[in-house]
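*Asks:* Listed here are the chains, written in short residue letters.
Protein chains: 2
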Amino acid sequence: MVLPNLNIVPFISIDNMMKLVLNVGIDRFLSELADMLEEDFRRWEQFDKTPRIASHSMEGVIELMPTSDGQLYGFKYVNGHPKNTKQGRQTVTAFGVLSDVGNGYPMLISEMTILTALRTAATSALAAKYLARKNARSMAIIGNGAQSEFQARAFKAIMGVDHLRLYDVDMEASLKCQRNLQGSGFTITICESAEEAVEGADIITTVTADKQYATILTDNMVGPGVHINAVGGDCPGKTELHRDILLRSGIFVEYPPQTRIEGEIQQLPEDYPVTELWEVIAGSKPGREGDGQITLFDSVGFAIEDFSALRYVRSKLASTGFFDELDLLADPDEPKDLFGMLLRCEAKAAQVL
Amino acid sequence: MVLPNLNIVPFISIDNMMKLVLNVGIDRFLSELADMLEEDFRRWEQFDKTPRIASHSMEGVIELMPTSDGQLYGFKYVNGHPKNTKQGRQTVTAFGVLSDVGNGYPMLISEMTILTALRTAATSALAAKYLARKNARSMAIIGNGAQSEFQARAFKAIMGVDHLRLYDVDMEASLKCQRNLQGSGFTITICESAEEAVEGADIITTVTADKQYATILTDNMVGPGVHINAVGGDCPGKTELHRDILLRSGIFVEYPPQTRIEGEIQQLPEDYPVTELWEVIAGSKPGREGDGQITLFDSVGFAIEDFSALRYVRSKLASTGFFDELDLLADPDEPKDLFGMLLRCEAKAAQVL
Numbered sequence: 002m003v004l005p006n007l008n009i010v011p012f013i014s015i016d017n018m019m020k021l022v023l024n025v026g027i028d029r030f031l032s033e034l035a036d037m038l039e040e041d042f043r044r045w046e047q048f049d050k051t052p053r054i055a056s057h058s059m060e061g062v063i064e065l066m067p068t069s070d071g072q073l074y075g076f077k078y079v080n081g082h083p084k085n086t087k088q089g090r091q092t093v094t095a096f097g098v099l100s101d102v103g104n105g106y107p108m109l110i111s112e113m114t115i116l117t118a119l120r121t122a123a124t125s126a127l128a129a130k131y132l133a134r135k136n137a138r139s140m141a142i143i144g145n146g147a148q149s150e151f152q153a154r155a156f157k158a159i160m161g162v163d164h165l166r167l168y169d170v171d172m173e174a175s176l177k178c179q180r181n182l183q184g185s186g187f188t189i190t191i192c193e194s195a196e197e198a199v200e201g202a203d204i205i206t207t208v209t210a211d212k213q214y215a216t217i218l219t220d221n222m223v224g225p226g227v228h229i230n231a232v233g234g235d236c237p238g239k240t241e242l243h244r245d246i247l248l249r250s251g252i253f254v255e256y257p258p259q260t261r262i263e264g265e266i267q268q269l270p271e272d273y274p275v276t277e278l279w280e281v282i283a284g285s286k287p288g289r290e291g292d293g294q295i296t297l298f299d300s301v302g303f304a305i306e307d308f309s310a311l312r313y314v315r316s317k318l319a320s321t322g323f324f325d326e327l328d329l330l331a332d333p334d335e336p337k338d339l340f341g342m343l344l345r346c347e348a349k350a351a352q353v354l
Numbered sequence: 002m003v004l005p006n007l008n009i010v011p012f013i014s015i016d017n018m019m020k021l022v023l024n025v026g027i028d029r030f031l032s033e034l035a036d037m038l039e040e041d042f043r044r045w046e047q048f049d050k051t052p053r054i055a056s057h058s059m060e061g062v063i064e065l066m067p068t069s070d071g072q073l074y075g076f077k078y079v080n081g082h083p084k085n086t087k088q089g090r091q092t093v094t095a096f097g098v099l100s101d102v103g104n105g106y107p108m109l110i111s112e113m114t115i116l117t118a119l120r121t122a123a124t125s126a127l128a129a130k131y132l133a134r135k136n137a138r139s140m141a142i143i144g145n146g147a148q149s150e151f152q153a154r155a156f157k158a159i160m161g162v163d164h165l166r167l168y169d170v171d172m173e174a175s176l177k178c179q180r181n182l183q184g185s186g187f188t189i190t191i192c193e194s195a196e197e198a199v200e201g202a203d204i205i206t207t208v209t210a211d212k213q214y215a216t217i218l219t220d221n222m223v224g225p226g227v228h229i230n231a232v233g234g235d236c237p238g239k240t241e242l243h244r245d246i247l248l249r250s251g252i253f254v255e256y257p258p259q260t261r262i263e264g265e266i267q268q269l270p271e272d273y274p275v276t277e278l279w280e281v282i283a284g285s286k287p288g289r290e291g292d293g294q295i296t297l298f299d300s301v302g303f304a305i306e307d308f309s310a311l312r313y314v315r316s317k318l319a320s321t322g323f324f325d326e327l328d329l330l331a332d333p334d335e336p337k338d339l340f341g342m343l344l345r346c347e348a349k350a351a352q353v354l
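Residue numbers (this note's numbering), protein chains in the order written: chain A, 2 to 354; chain B, 2 to 354.
Where hints are given, some of them may not hold.
Note that identical chains are pooled: a pair holds if it fits in a single copy or bridges any two copies.
Only pairs whose alpha carbons sit at most 30 Å apart, straight line, appear in this in silico DSS-like list of lysine-lysine [stated by the list, open to error]:
| id | residue 1 | residue 2 |
| --- | --- | --- |
| 1 | LYS50 | LYS130 |
| 2 | LYS20 | LYS349 |
| 3 | LYS130 | LYS317 |
| 4 | LYS317 | LYS286 |
| 5 | LYS349 | LYS130 |
| 6 | LYS317 | LYS349 |
Honestly, the hints are just simulated from the structure, not real lab data.
In this text, all values refer to a predicted model and were calculated from it rather than measured experimentally.
Bound conformation, chain A alone:
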């Protein structure tokens, strides 16, 4: 039996990912992606889970993030190199693969630099939907780099956030963020300090990029009832919040074994109590306990979120057609005859000559 095109794997390039996102619409893309994330968080227990496999160097880190639900297998390759922007490169680039567990064949290869920004933002907003006060409409964003507009758009699409208070050590970054959000229905205030940015904000998003311990938020800056969306602290030695804030907050995480190594809670004892976000989404644990509680989503990004994102873009391929075909897999006429395929290629080339 010969199946057609067994050699082909659909591939979503940067260009096609942009076209796909724009064709679906940024807000709808973020909302539908959040729905798929919610679906996978609800069935969290069905997944194989393992902390990402990291290869650290002086300059940064390269990670592989695999997971499987028994039917599909997905993994993401992602790097984090803070000094890259000085050479015109991205701090974070990524690509991912979705495969069929039944036969091990890749079914999709996709760029994930843009897709990771979208899934991180959609996950943040999904968490806030469960953890922030229901009437939260204003958000401070501290760190106005590559992630900031995605966060803003996701919080608007999923939470209705329409007031932004932006702060970055580099004001150019804030101005770029403001410019990119023009016409999206936000009231935007550019602030000169983190202190000013958090004033009156219902939600505080921290999304800075330095690979080091930093104190973006000090204890006195965080008032009662605030939801903190801590996105930037995502590897060992990189945190953004003062420890005292953690001690005053209800802490929600994706996958404790990974977050204890990489998240804000690396500052706390190993057995410090945290709640897994999936438990809140599945309804087995409470989320916010009253309007006065400080809630903290200590986000580091987990493989299942990338899996959901790959699953989502795959669901859009047939209807949009934004993909190329990669000749990635060997498909000899007779499966056991891999060497014969090589010989026939040689014979064919000889014929052409």
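For this one, chain A is given, so just place chain B on it according to the hints.
*Replies:* Just chain B, lined up with the frame of chain A:
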């Protein structure tokens, strides 16, 4: 500073890999690949090493195999699904990535179904160069599937083996192997049993594909001085040799923590003495101890071998041109402005309309 083509990653498709191999020449490719493997085995201690990350299912396994030498980072995705051939698919397919540790950017994506067959064969022949008797010229190959011709060609190119004794439970496979090796300078005998195949052979290669404990070789079949190249037993629960053979042999392995889980030595106590192949190649441990010793290369395949193979094909790209350009990485005009890239794509599309 804007660098040109930061979005592009060279990609070697199945078709281009075949053209690359044929352009270089199969024998020269295998020899040069063995040279690069030898170079990397010599500097084995410089590499980050970890057992592969496996995701097992009823039907098979999907694995990620990362490693790094501090300058380059490589990983391979590979599946193993023995029932695949019944559906016209490959038991094993693979692809790999080589990256720059300094900035985390992928530098090469390559098919590795064909490349893995070549690297496995080159590694086997390299090991035999150090472990088999110097005058070894005849080899039994038990299991005449997709790997068999690659093994034969590598042993000829690197060791001068020119007598083959083929056996497979499916004689069609042996006939296919014989056909594919026609005109390559081998004297070939097709045998009706494994016992017949090993008669008088200097080297015995076992390369069967069943995912189970099997006894391809029993103790009485292996005479003094033979080198056994055990390639097929490569995951937990899959072995090919009777335990008594192991007890009579000098055992050489790639990376003990992985081989003890996956190789023939999973049948032996955890502390049973084995020699690492790199130590023999680097000259710090002896290889074969006299013409009467039975040597066994218990091969399961290790990430560094894939790293060498990716490094080798990458060295051939510029001179041969057999690659495509994948638009895989985001390259906004301003590195921190990923969202702006999306907006400009939208503006450009609007202009076209």
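*Asks:* Could you run down the list of hints and mark each one as holding or not?
*Replies:* Quick rundown of the hints versus the structure:
{"no.": "1", "hint": "LYS50 / LYS130", "verdict": "within (24 Å within a copy, 42 Å between copies)"}
{"no.": "2", "hint": "LYS20 / LYS349", "verdict": "between (38 Å within a copy, 11 Å between copies)"}
{"no.": "3", "hint": "LYS130 / LYS317", "verdict": "within (25 Å within a copy, 52 Å between copies)"}
{"no.": "4", "hint": "LYS317 / LYS286", "verdict": "neither (33 Å within a copy, 57 Å between copies)"}
{"no.": "5", "hint": "LYS349 / LYS130", "verdict": "neither (60 Å within a copy, 34 Å between copies)"}
{"no.": "6", "hint": "LYS317 / LYS349", "verdict": "between (38 Å within a copy, 22 Å between copies)"}
In summary, the numbered hints that this structure violates are 4, 5.
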